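Chains as they are written, first to last, in the numbering used here: chain A, 1 to 479; chain B, 1 to 479.
Hints were generated in silico from the structure; no laboratory data involved.
Check the hints yourself; a few may be wrong.
Because identical chains share one entry, a pair is satisfied inside a single copy or across any pair of copies.
Okay, derived cross-link-like pairs now, DSSO-like style, lysine-lysine, Cα gap no bigger than 30 Å in a straight line [what the hints assert, rightly or not]:
#, residue 1, residue 2
1, K63, K314
2, K319, K330
3, K126, K38
4, K470, K63
5, K330, K374
6, K126, K330
7, K330, K251
8, K309, K149
9, K85, K214
Quantities reported herein were computed from a predicted structural model and do not represent experimental measurements.
There are 2 protein chains.
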Amino acid sequence: MGKEKKRVESITPRDEDFGRWYTDVVIQAALVDYSSVKGCLILRPNGWGIWERIQHVLDGMLKATSHQNVAMPMFIPESLLEREKDHVEGFAPEVAWVTHGGDEELEERLCVRPTSETLFCEHYAKIVQSYRDLPILYNQWVSVVRWEKSTRPFLRTREFYWQEGHTVHATEEDAMEETLRMLDVYTDFCENYLAMPVIRGQKTDKEKFAGAQKTYTIEAQMHDGKALQSGTSHYFGDGFARAFGIQYSDKNNELQFAHQTSWGVSTRLIGAIIMVHGDDSGLVLPPKIAPTQIALIPIAFHKEGVLDKAMEVKAQLEKDFTVLMDDSDKMPGWKFAQYEMEGIPLRLELGPRDIESGSCMAVRRDTGEKVSLKLENLNAQVQELLDAIQQNLYDRALALRNERIYEVHDYESFVETVENKPGFILAPWCDDQACEDKIKEDTGATSRCIPFDKTLEEGAKCVCCGKEAKHMVYWGKAY
Amino acid sequence: MGKEKKRVESITPRDEDFGRWYTDVVIQAALVDYSSVKGCLILRPNGWGIWERIQHVLDGMLKATSHQNVAMPMFIPESLLEREKDHVEGFAPEVAWVTHGGDEELEERLCVRPTSETLFCEHYAKIVQSYRDLPILYNQWVSVVRWEKSTRPFLRTREFYWQEGHTVHATEEDAMEETLRMLDVYTDFCENYLAMPVIRGQKTDKEKFAGAQKTYTIEAQMHDGKALQSGTSHYFGDGFARAFGIQYSDKNNELQFAHQTSWGVSTRLIGAIIMVHGDDSGLVLPPKIAPTQIALIPIAFHKEGVLDKAMEVKAQLEKDFTVLMDDSDKMPGWKFAQYEMEGIPLRLELGPRDIESGSCMAVRRDTGEKVSLKLENLNAQVQELLDAIQQNLYDRALALRNERIYEVHDYESFVETVENKPGFILAPWCDDQACEDKIKEDTGATSRCIPFDKTLEEGAKCVCCGKEAKHMVYWGKAY
Chain A
1 MGKEKKRVES
11 ITPRDEDFGR
21 WYTDVVIQAA
31 LVDYSSVKGC
41 LILRPNGWGI
51 WERIQHVLDG
61 MLKATSHQNV
71 AMPMFIPESL
81 LEREKDHVEG
91 FAPEVAWVTH
101 GGDEELEERL
111 CVRPTSETLF
121 CEHYAKIVQS
131 YRDLPILYNQ
141 WVSVVRWEKS
151 TRPFLRTREF
161 YWQEGHTVHA
171 TEEDAMEETL
181 RMLDVYTDFC
191 ENYLAMPVIR
201 GQKTDKEKFA
211 GAQKTYTIEA
221 QMHDGKALQS
231 GTSHYFGDGF
241 ARAFGIQYSD
251 KNNELQFAHQ
261 TSWGVSTRLI
271 GAIIMVHGDD
281 SGLVLPPKIA
291 PTQIALIPIA
301 FHKEGVLDKA
311 MEVKAQLEKD
321 FTVLMDDSDK
331 MPGWKFAQYE
341 MEGIPLRLEL
351 GPRDIESGSC
361 MAVRRDTGEK
371 VSLKLENLNA
381 QVQELLDAIQ
391 QNLYDRALAL
401 RNERIYEVHD
411 YESFVETVEN
421 KPGFILAPWC
431 DDQACEDKIK
441 EDTGATSRCI
451 PFDKTLEEGA
461 KCVCCGKEAK
471 HMVYWGKAY
Chain B
1 MGKEKKRVES
11 ITPRDEDFGR
21 WYTDVVIQAA
31 LVDYSSVKGC
41 LILRPNGWGI
51 WERIQHVLDG
61 MLKATSHQNV
71 AMPMFIPESL
81 LEREKDHVEG
91 FAPEVAWVTH
101 GGDEELEERL
111 CVRPTSETLF
121 CEHYAKIVQS
131 YRDLPILYNQ
141 WVSVVRWEKS
151 TRPFLRTREF
161 YWQEGHTVHA
171 TEEDAMEETL
181 RMLDVYTDFC
191 ENYLAMPVIR
201 GQKTDKEKFA
211 GAQKTYTIEA
221 QMHDGKALQS
231 GTSHYFGDGF
241 ARAFGIQYSD
251 KNNELQFAHQ
261 TSWGVSTRLI
271 GAIIMVHGDD
281 SGLVLPPKIA
291 PTQIALIPIA
301 FHKEGVLDKA
311 MEVKAQLEKD
321 FTVLMDDSDK
331 MPGWKFAQYE
341 MEGIPLRLEL
351 GPRDIESGSC
361 MAVRRDTGEK
371 VSLKLENLNA
381 QVQELLDAIQ
391 QNLYDRALAL
401 RNERIYEVHD
411 YESFVETVEN
421 KPGFILAPWC
431 DDQACEDKIK
441 EDTGATSRCI
451 PFDKTLEEGA
461 KCVCCGKEAK
471 HMVYWGKAY
């Protein structure tokens, strides 16, 4: 047992080295294993289980907003990728190329999709004819490939999983409404399921998606103060429609170009969950997204009646929750540490004395707090605890993030803040990319977004060049 | 409307040209669209919806039998693919090769997975240590790529979707039990959800999976009499374990090689559903797998109260069923034909006179039969009808298949039967591959399986060479 115990305890403390802590959690919580292809991960049951929960919940939200799932091929012919100029420039340098099928060289090489705008557009050009066909609201859940130089589990991998929504609308107004609706859906999902507060806003031109007219984003703050772009929603205008010939006859029987959107979230969200909620004992999962919500540990279960009672309690709990009961012959201490490492929100311990007194001991993963629960009407008490954990995780993350937003108006303070205070900086900007570039070069911080909810004070000056500011911007180092 | 009506009616009659009928259904039921890469299909909402239902139901069955989902990378390095000799020989000629990442040539080329045994095995070699770690029961839902020369929607495509289960066991006995358990799961799924009777048996050595010791199969008969291999389950023995070094310490602390299985079903099943149940009006979906179970068509819905009542009926039905209500301004006749084409099991028509009499008209997709239903207690009546449709589809397919199984004992009859009677042939075989080869060359029929439930009569002779027979075998032309 000694060896097993040690394994659980061997992660780097979070505040000592956040990067190593992160990698330790990812491995020790058995979320991933490395494959022999750099940057291509194996998602183990604990890791894939989180993604399955994300898919389940978010897919329900997408269907509730009238979206339909489809599946596009994984290959894009080079000539198709090249159809929209900005798009190909953004993606071509980092795609994987298939050149041979069996022994034969292909007539045209194919890239493995880095994103599927071009495939959707080619299809839309065929199926869109009349205004009656619109809107078309499609989504797919797939993996995509980007040949990144440096990689990190969940945050930057060569293959990653995501959903990509691609929609077609008659008018700019309809398309903009969809673009912002999906940002709302992502916000709702991140805040209410992942317990992760986000800042909503628009990306600067420098940071927007290759081929988009406007990109909107939700930005979350990790425990180390860095930003993680957690979801984006793009308004394309009719740029892709013109490149691909997506036209419809309007009510007056005149041909019009369609307006489009795309939007996506990916397995990066798993990285965000780890870095927002995790602690020195490992992963901490919000109850609403945890694949396993309760670890039920029978204590001294060789004693008569314990295992039977545990089975009974498990069956009762499974009416409302996902439960893992561990009656293996490992030591309870090992089990406690292991399921803490895996981030299971609630542990229930059930031993002979608990059974005698008609109770069990609940231990919260978020606070470590122990609460004795009555076995009678157990599920309602458990639900209350899980709700409290979910709320506490959100409140804690929100408080920490709000503590670490620094508004600055002069460049010296800006540079000094980036250097010494992890977090976000809110500062006015002149809209000139030269200032963004300078800030990045001087400090490593990038513009995260132009937030929806901050207006510029009259007469505000750009924090970098001192000229008239046009927008307030959140800045920060980012993953 | 004329144009729309015509579109629906334009499919080739099934008995005139089964191949063209199939392609027509696939396109007109809006299951797929072609992409610009040959053999790589776009699965449209109607097609992907069926696969989602298959995934949902079968995934539940896999979880109920203790399997866990994971995700392996899509790329396999060439050297890894080559690790098991038979396996690489079977797959290398038909894989797609990635040679470049961005502008750089890769040090080692990567194939896009044609199947993932090698990836699972490499992972298992790392995570399997003790007999306590076993069994490991993993599955994944992904797409795989095989660079086929000739392709056909769902039946043979270069990219297709499937689940692949890969399990590790301590003993041959455990692994064999798993291999057959999964064949049972597939049988249950095909017969009870897809309403498709299957014949269960073992593949001959010639037809088994590359690298397997034994391959088991379920074989279904399509409407044209041809066979479709609908699911396979493989017993690997310790062949892969030896090639990849998958060893565990047993209870005596001695190192043993593990025993493995793999098993899968794919989007071919959608092809099977089409070819088993479809008719001259298009697709016919079994209610238990139909993404939309009911098409609700309000009639004369500009009249007061019709649309309100239809909404009310829809809300009532949606408590138990998936419902599409079409209140577009298209003609009812067009809607009837379109939703028949799409295979929706039940149509409900609701007009002013129906409402007056507190009823609605139900039309069965399988038989065309019309039944008047009371609006009171509607869901129970609908459930009864859907159950009847599900049962009828199965019974009809079973009866037709059983009519078309021909037992023959001499070669002349064999050849004559293959030529003139679509269906399966049951005939004794000597276990010599030379006879299989000759039969294929002479007739185009292949061995489908050595069935579990047919024993050899004493003294039976091989239908081909006349030597002593070892097994009864089902033969047939196959997709």
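Verification of the supplied hints:
1. In this assembly of identical chains, the alpha carbons of K63 and K314 lie at most 30 Å apart only when taken from different copies (17 Å versus 32 Å within one copy).
2. Within a single copy, K319 and K330 get their C-alpha atoms as close as 27 Å, which meets the 30 Å cut-off; across copies the closest is 45 Å, which misses it.
3. Taking identical chains as interchangeable, the C-alpha atoms of K126 and K38 lie at most 30 Å apart only when they sit on different chains, with a minimum of 17 Å there against 38 Å within one chain.
4. Within a single copy, K470 and K63 get their C-alpha atoms no closer than 38 Å, and across copies no closer than 55 Å, so neither meets the 30 Å cut-off.
5. Taking the shortest alpha-carbon separations for K330 and K374, only the intra-copy value of 26 Å comes in at or below 30 Å, while the best inter-copy value is 60 Å.
6. For the homomeric pair K126 and K330, the shortest alpha-carbon distance between copies (21 Å) is at most 30 Å, but the shortest distance inside one copy (60 Å) is not.
7. Taking the closest pair of Cα atoms, K330 and K251 come within 30 Å of each other only across two copies (16 Å); inside a single copy the shortest separation is 71 Å, beyond that limit.
8. With identical chains, the CA atoms of K309 and K149 are never at most 30 Å apart, being 54 Å at best within one copy and 60 Å at best between copies.
9. In this assembly of identical chains, the alpha carbons of K85 and K214 lie at most 30 Å apart only when taken from the same copy (16 Å versus 52 Å across copies).
Comparing the model with each numbered hint stated earlier shows that hints 4 and 8 do not hold.
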